[in-house]
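Peer 1: Place chain B on chain A using the hints.
Listed in order, the protein sequences are those of chains A and B. In this text, residue positions in the first sequence follow the numbering used here: the first is 10, and each later residue adds one. In this text, residue positions in the second sequence follow the numbering used here: the first is 10, and each later residue adds one.
If you are wondering where the hints come from, they were derived from the structure by calculation, not from laboratory data. A couple of the hints might just be wrong.
If several chains are the same, the list does not tell them apart, and a pair holds so long as it fits within one copy or across any two.
[Claimed, not checked] Cut-off 20 Å, straight-line C-alpha distance, at most; resulting in silico cross-link-like pairs (EDC-like, lysine to aspartate or glutamate): (1) Lys297 - Asp358; (2) Lys142 - Glu364; (3) Lys88 - Asp308; (4) Lys55 - Glu243; (5) Lys142 - Glu264; (6) Lys297 - Glu380; (7) Lys297 - Asp237; (8) Lys297 - Asp315; (9) Lys55 - Glu94; (10) Lys88 - Glu233; (11) Lys297 - Glu119; (12) Lys297 - Glu374; (13) Lys55 - Glu337; (14) Lys297 - Asp308; (15) Lys142 - Glu122; (16) Lys55 - Glu39; (17) Lys297 - Glu314.
Given the structure is predicted, the values throughout are model-derived calculations rather than measurements.
Here is what each chain is made of, one letter per residue.
There are 2 protein chains.
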Amino acid sequence: MADREFSFGVLARDPGSRARLGRMRTAHGEVTTPAFLPVGTRGTVKAMAPWELEEIGYDMLLANTYHLYLRPGPGLIGKAGGLHEFMGWRRPILTDSGGFQVFSLSPTLEVGEEGVRFRSVYDGSEHLLTPEKAVAVQEELGSDVAMILDHCVAYPASREEVEGSVELTLRWACRSLDAHRAGGQALFGIVQGGAYPDLRARSAEETARMGFAGFGIGGLSVGEPREDMLACLEVQAAILPGDRPRHLLGIGDPEGITEAVALGMDLFDCVLPTRMARNGVALTRQGKVNLRHARYRHDLRPLEEDCGCPACRSFTRAYLRHLHGLNEILAHRLITWHNLAFMHGLMLDCRAAIEAARMVQLIREWRGWSERVPGE
Amino acid sequence: MADREFSFGVLARDPGSRARLGRMRTAHGEVTTPAFLPVGTRGTVKAMAPWELEEIGYDMLLANTYHLYLRPGPGLIGKAGGLHEFMGWRRPILTDSGGFQVFSLSPTLEVGEEGVRFRSVYDGSEHLLTPEKAVAVQEELGSDVAMILDHCVAYPASREEVEGSVELTLRWACRSLDAHRAGGQALFGIVQGGAYPDLRARSAEETARMGFAGFGIGGLSVGEPREDMLACLEVQAAILPGDRPRHLLGIGDPEGITEAVALGMDLFDCVLPTRMARNGVALTRQGKVNLRHARYRHDLRPLEEDCGCPACRSFTRAYLRHLHGLNEILAHRLITWHNLAFMHGLMLDCRAAIEAARMVQLIREWRGWSERVPGE
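Just chain A, same shape as in the assembly:
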């Protein structure tokens, strides 16, 4: 039941883990995995131009259906020739269904069998999002990979609540598949299950049975202990069919990514690398450089010694700190570029580690990274 123009193949495996190097083919080109997808929330990856994302080496972006549905609306984007044309990005695009944003950003008015009624975060207007509508909107956007509407619960949630959410998401998944017209667009199911491994298993088994082109794993890293997250991920990774891509939704920390790659995850997305950049925090292999700290005021070194991005090639920490302190756009641009180059570099390292059968070592190298601060 693979969609036309969409396929996924595993090219290499790491013998010490479940990590795999893969290639996803879509209507707008190929995506090598494991891959990190920069998030183009409102039809732009904040502070970046599309050609700069290409220059870094990104194959694919994620765009948020919730935001584009409300602003500027799928009608205009459809009229403009689809999202690729509208935002000037000719490579593959994955759209989420809007479910996560409805449940996290919007005042939710009512969740029922039919769908979810919510108020727009922009103007308070009332909207009904159904599985069919999520499919239709994404079809109008023309993304290469669409995702089903899923029901999300906050953490912690009772077993009953999560059970209900899993079952509702399964029924919505069926309706999504019925509504989906293959065309050039692949549809991914989304598995849920909170922090309950058995519900995670049920969600994965039932969703796998439906024959989606790929799968999103949702509702993780929402507050649960790290070991619980990894346990849930492991359960589902073992169940989901190995010949389909798996997208771990919303996770972007290097430790989490390397561990998830080792469990067989192929795709990642997260707003943190770009959001942290706009807060003056640069990601480096030595740890986080928070440019708001006075210690960087006279620091004439680049953000990261061996990085080839424009921020590191031409500018000092002192200059970037100067710009950031004055909220200059160029600060946001350069630090975002650096952080996205950092994330892409991490994915290249994962791919190289899989080919060199050293994924376990790579995980070890990144362990404890989030507590590191680069030395003076």
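Peer 2: For chain B alone, coordinates are given in the frame of chain A:
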């Protein structure tokens, strides 16, 4: 008394006006004139990266001594190897003296023979700017062209007030020349004189006598009628030595620029093209496109049909309006790029008109531009 490494030559003249095509040689390269200088207020041309300004074709930037003196301070910039190195711009830089900002932005505490005491717009701290200090700070910044500290008056001002201001500026000009060590940096005098043609004449005559490498014309387009501005400009242009470049400070509207070029002006700077861009206003030959207008919501045309800038090449008015309405950085970037490409294109047109002896026609083509709104 030309500075080492600095020279200016006239390559062609328009027979129907005083317009000239020139070439200015500086320590960091050549500048073809007439030229518009984008303003890099705080060590960055807002929203642009240095390589993008090169791509448009800009030879030279203007940077504000006032802002850089207060943030991050000339000490750090000197330590970093100078402003070129600090901001990653390897082509020529002109710095103003800070005078205009002191008188327009800062609460001025006291103007005396020695200099001007003011409060920082950033933190309210007290500073004394003298002609010698303005020279020393710009020397530390390492710009290719420095400007003397001048005294500015608001418009309208009494004849006595303007007279005093002209005389003070002349005495400061002498002290600036004494303080200036040629090196690789040229020093420009600044002529003033309010809206009084005879004071304009005196300021130009006395300043010309001092032998500066070039001249800034200040205090125009500050509220006086257009014909008064042009009359003052004409008086001074006729007096200032023809073999030195003349910079008309702070003027950036196409009509004003073409008329000033015809009077023999060589250099221009203005924040309006970049500031308007961040307000959603794009400059086109057909007039101003204000993207905040609802009429552009579904407009799938580029900002300007025959423009080759990235904003026009890859994006529609509808997309730019969408981004601007959400205050997305990419909107500021793309519209700024377009407006700076527009300004550079205007200067190329001036150069071509001088070579083709049709400067008068060019002025006619631009007359009334500011009232134009592109048709539907």
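Peer 1: All hints, please: hold or fail.
Peer 2: Going through the hints against the structure:
In this assembly of identical chains, Lys297 and Asp358 lie within 20 Å of each other by CA distance solely inside one copy; the values are 19 Å within and 48 Å between copies. For a Cα distance limit of 20 Å, the shortest separation of Lys142 from Glu364 qualifies neither inside one copy, at 41 Å, nor across copies, at 61 Å. When the C-alpha separation of Lys88 and Asp308 is checked against a cutoff of 20 Å, the pair qualifies only between copies, where the shortest distance is 10 Å, while the shortest distance within a copy is 50 Å. Taking the shortest alpha-carbon separations for Lys55 and Glu243, neither the intra-copy value of 32 Å nor the inter-copy value of 47 Å comes in at or below 20 Å.
In this assembly of identical chains, the alpha carbons of Lys142 and Glu264 never lie at most 20 Å apart, being 36 Å within a copy and 52 Å across copies at closest. Within a single copy, Lys297 and Glu380 get their C-alpha atoms as close as 8 Å, which meets the 20 Å cut-off; across copies the closest is 51 Å, which misses it. For the identical chains of this complex, Lys297 and Asp237 are neighbours neither inside a copy (26 Å) nor across copies (57 Å), given an alpha-carbon limit of 20 Å. In this assembly of identical chains, Lys297 and Asp315 lie within 20 Å of each other by CA distance solely inside one copy; the values are 15 Å within and 45 Å between copies.
In this homomeric assembly, Lys55 and Glu94 come within 20 Å of each other (Cα to Cα) only inside a single copy, at 18 Å, whereas the closest approach across copies is 27 Å. Taking the shortest Cα distances, Lys88 and Glu233 never come within 20 Å of each other, neither inside one copy (43 Å) nor across copies (48 Å). Taking the shortest Cα distances, Lys297 and Glu119 never come within 20 Å of each other, neither inside one copy (41 Å) nor across copies (46 Å). In the homo-oligomer, the alpha carbons of Lys297 and Glu374 lie at most 20 Å apart inside one protomer (15 Å), although the nearest pairing across protomers, at 55 Å, exceeds that limit.
In this homomeric assembly, Lys55 and Glu337 come within 20 Å of each other (Cα to Cα) both inside a single copy, at 14 Å, and across copies, at 7 Å. With identical chains, the CA atoms of Lys297 and Asp308 are at most 20 Å apart within one copy only, with a shortest distance of 15 Å there and 43 Å across copies. Only within a single protomer do Lys142 and Glu122 lie at most 20 Å apart by alpha-carbon distance; the minimum there is 14 Å, versus 74 Å between protomers. Taking CA atoms no more than 20 Å apart as the test, Lys55 paired with Glu39 passes in neither setting, with 24 Å inside one copy and 36 Å between copies.
Taking the shortest alpha-carbon separations for Lys297 and Glu314, only the intra-copy value of 14 Å comes in at or below 20 Å, while the best inter-copy value is 45 Å.
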